[in-house]
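Chemist: Residue numbers (our numbering), protein chains in the order written: chain R, 203 to 546; chain B, 203 to 546.
Everything labelled a hint here was simulated from the structure, so no lab data went into it. Warning: the hint list may mix true and false statements.
Unchecked claim - The calculated DSSO-like cross-link candidates involving lysine-lysine, where the alpha carbons are at most 27 angstroms apart (straight line), are:
1. K457/B with K415/R
2. K473/B with K457/R
3. K440/B with K440/R
4. K457/R with K221/R
5. K395/R with K221/R
6. K457/R with K473/R
7. K473/B with K415/R
8. K440/B with K415/R
9. K415/R with K478/R
10. K382/R with K440/B
11. K415/B with K478/R
12. K221/R with K478/R
13. K382/R with K265/B
14. K265/R with K276/R
For clarity, every value in this text was computed on a predicted model and none was experimentally measured.
Protein chains: 2
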Amino acid sequence: MGGDHGPAVVLAGAAIALKRHPDTRFVLFGESDLVLPHLDADPELSAASTFHHCDVSIRMDDKPSQALRQGRYKSSMWRAIEAVKTREADVAVSAGNTGALMAMAKFCLRTMANIERPAIAAIWPTLRGDSIVLDVGATIGADAQQLIDFSMMGGAMARALFGVERPTVGLLNIGVEEVKGQDEIREAGRFLKETPLSGIDYRGFVEGDDLGKGTVDVVVTEGFTGNIALKTAEGTAKQIGAYLRAAMSQTWLAKAGYILARSAFERLRDKMDPRKANGGVFLGLNGIVIKSHGGTDAEGIAAAIDLAHAMARNGLREKIEADLKSFYLRVSEEAAEIPESNLQ
Amino acid sequence: MGGDHGPAVVLAGAAIALKRHPDTRFVLFGESDLVLPHLDADPELSAASTFHHCDVSIRMDDKPSQALRQGRYKSSMWRAIEAVKTREADVAVSAGNTGALMAMAKFCLRTMANIERPAIAAIWPTLRGDSIVLDVGATIGADAQQLIDFSMMGGAMARALFGVERPTVGLLNIGVEEVKGQDEIREAGRFLKETPLSGIDYRGFVEGDDLGKGTVDVVVTEGFTGNIALKTAEGTAKQIGAYLRAAMSQTWLAKAGYILARSAFERLRDKMDPRKANGGVFLGLNGIVIKSHGGTDAEGIAAAIDLAHAMARNGLREKIEADLKSFYLRVSEEAAEIPESNLQ
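Whenever a hint applies, use it, and build me the whole structure from the sequences.
Modeler: The structure is reproduced here in structure tokens:
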């Protein structure tokens with residue numbers, strides 16, 4: 203029911219994703235009046251789907267507290283998340299209200315053991331292929347322990363998504379020297395450097411321009427900075443797109459050149475297409491929830507479902523759980539090895 | 203003496219700037235062996251310059267504390283800043299070590315009355331013309347009062363540079379709703395909304411993608427986020443430039459199109475040229491210091507000097523001083539009007 207365009211676009215996106223991955227099965231939640239007509243018109247999608255009617259839908263402008271009060275247990279958003287909890291679904295995908303989705307996901311799925319706060323991970327297209335950036339806005343601020351947790355969760359996601367054995371991880375900072383940055387970042391950096399972890403290859407601090415370069419597989423930051431960086435990059439890409447369009451339509455020669463090079467421009471547009479990187483993955487909860495941009499179209503929804511498919515097929519949740527478990531086991535073993543006398 | 207290429211590039215930049223603004227006068231500080239040969243080769247520049255030999259130069263990798271210890275009172279960097287203090291110069295421009303330049307500028311010039319911390323302001327090219335973004339890295343973190351100070355200093359700079367009467371100002375945040383963001387930002391936003399200031403037109407919160415759109419003349423943020431945003435935008439621009447070059451050289455048709463549209467591509471390159479927006483302005487000190495990128499060429503240095511020329515001609519320092527003075531006068535008058543009984 204979510205997103206700026208509602209079920210029409212969400213179901214059109216599901217149909218595209220189903221063609222690409224015919225093994226996908228959908229559990230759909232929404233208002234039958236609005237969903238069933240689209241479903242009836244597409245027998246293939248219909249055959250791959252189970253539909254559950256819900257009376258209540260969360261609006262795009264509901265506050266998280268409002269959404270929880272009015273939509274808990276019964277809204278389409280809640281029930282999609284609950285399907286992950288009951289293991290009826292592997293992943294929940296929603297184009298709805300981000301704040302409400304996060305609040306409901308936290309309430310319904312709870313955070314994983316030892317994880318204090320969830321993070322939202324974004325796929326970031328780079329010159330070297332895709333990277334993962336987290337947190338891009340689940341919470342503001344993060345202490346050293348949370349940044350370390352984000353590093354492990356991002357690493358597990360990179361393994362599940364990119365198939366690399368030990369993904370490279372960097373902490374986003376304003377310089378690469380060890381003395382730079384906020385205390386929390388320096389503390390997390392020191393720990394990650396001194397404590398080699400099996401799941402990730404820690405490469406130190408990275409800066410804002412390393413995001414586009416793809417210097418590391420996983421860039422870790424707290425949610426405020428991550429959100430600003432993500433939107434700044436989106437804004438810059440749009441700005442340059444506008445410059446390019448203006449430049450190419452200014453003279454007859456430029457227009458002629460544009461026509462000759464049209465396929466090259468189409469490849470470029472494809473490369474810069476924000477719909478392709480659509481889907482913020484909620485990490486650190488007992489279940490995977492993916493948030494699609496509300497304003498996207500069917501192609502964007504399909505990209506978010508593709509991502510959900512990859513996450514489920516490659517066992518993201520299990521990978522994160524195993525990594526965190528072995529990490530916290532090791533931390534507690536190390537703590538147990540400290541002689542009593544040192545603690546006095 | 204600063205920058206990756208030393209006096210050769212700095213003096214070549216000065217020569218370009220002098221051609222554009224023949225009323226510029228240079229006071230040059232550096233090692234005579236390295237500076238004089240270039241100066242002797244350019245009679246016009248030589249006629250517009252006074253040269254002072256300095257034995258000591260700050261290296262690009264000196265730590266700020268080291269630079270202060272070894273370079274105070276005698277290095278070329280210190281003496282250039284000191285020339286602003288003694289009013290021999292209107293603005294100091296350096297392509298040297300940023301940390302050392304800021305440390306020396308703070309030590310030599312001191313912060314303006316009521317200003318706790320200086321900020322670095324960057325010129326940000328947008329779809330609507332240039333904006334000013336501050337702080338882009340002078341300090342990490344800023345409380346509400348500092349964000350308000352940054353708003354006024356940025357406003358004064360916009361008036362000096364863009365000639366607008368009441369520049370529009372926004373606080374960088376992760377959403378435009380009043381409930382979003384860090385406490386400091388919400389508090390500063392509340393104050394700016396409730397206390398109309400004569401020098402600025404406060405427009406509320408802006409997001410990362412508003413930077414490229416140019417939604418407001420002045421975007422205010424603390425230094426960590428500002429630095430990450432600036433470098434993220436630079437990185438994204440480079441990334442798209444690389445995509446564009448790759449797309450245009452992939453097929454014969456694309457190459458032919460590129461040749462036809464060459465002048466359009468040149469305009470685009472010109473528009474995206476990072477050298478044009480070169481120059482971080484230190485605000486909040488008793489004197490203006492401009493930091494050029496260390497890695498830039500003569501055109502970049504010239505752009506930083508052009509900026510210095512505009513700042514001096516339009517009385518940036520006086521504008522900031524007057525704005526801050528009237529603001530703090532008003533705040534203290536308002537505080538005086540609160541009946542004693544309210545304070546108990």
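Chemist: Run the distance test for K473/B versus K457/R: straight-line Cα separation, threshold 27 angstroms.
Modeler: Status holds; Cα separation ~19 angstroms.
Chemist: Quickly compare the C-alpha distance for K395/R and K221/R to 27 angstroms and report which way the hint goes.
Modeler: violated, 44 angstroms
Chemist: Sort out whether K440/B lies within 27 angstroms of K382/R, counting only the CA atoms.
Modeler: holds, 25 angstroms
Chemist: Would the pair K457/R and K221/R pass a check requiring their Cα atoms to be no farther apart than 27 angstroms?
Modeler: violated, 37 angstroms
Chemist: Mind checking the alpha carbons of K415/B and K478/R for me, to see if they're no more than 27 angstroms apart?
Modeler: It holds: about 22 angstroms lies between the C-alpha atoms, which stays within 27 angstroms.
Chemist: Does the alpha-carbon distance linking K457/B and K415/R stay inside the 27 angstroms limit?
Modeler: holds, 25 angstroms
Chemist: Under the criterion that the straight-line Cα-Cα distance not exceed 27 angstroms, is the pair K382/R, K265/B satisfied?
Modeler: Between K382/R and K265/B the Cα gap is close to 11 angstroms, so the pair holds against 27 angstroms.
Chemist: Hinted pair, alpha-carbon criterion (27 angstroms max): K415/R, K478/R. Please report holds or violated.
Modeler: It holds: about 18 angstroms lies between the C-alpha atoms, which stays within 27 angstroms.
Chemist: Decide if the proposed pair is consistent with the structure: K473/B and K415/R, CA atoms, cutoff 27 angstroms inclusive.
Modeler: Between K473/B and K415/R the Cα gap is close to 21 angstroms, so the pair holds against 27 angstroms.
Chemist: Checking one constraint from the list: CA of K265/R to CA of K276/R, max 27 angstroms. Satisfied?
Modeler: With Cα atoms ~17 angstroms apart, K265/R and K276/R stay inside 27 angstroms; holds.
Chemist: Would you check the hint for K440/B and K440/R, treating anything up to 27 angstroms between C-alpha atoms as holding?
Modeler: holds, 14 angstroms
Chemist: So if I understand the rule, the pair passes when the alpha-carbon distance is 27 angstroms or less; does K457/R with K473/R pass?
Modeler: holds, 21 angstroms
In summary, the structure is inconsistent with hints 4, 5 from the numbered list given earlier, while agreeing with the others.
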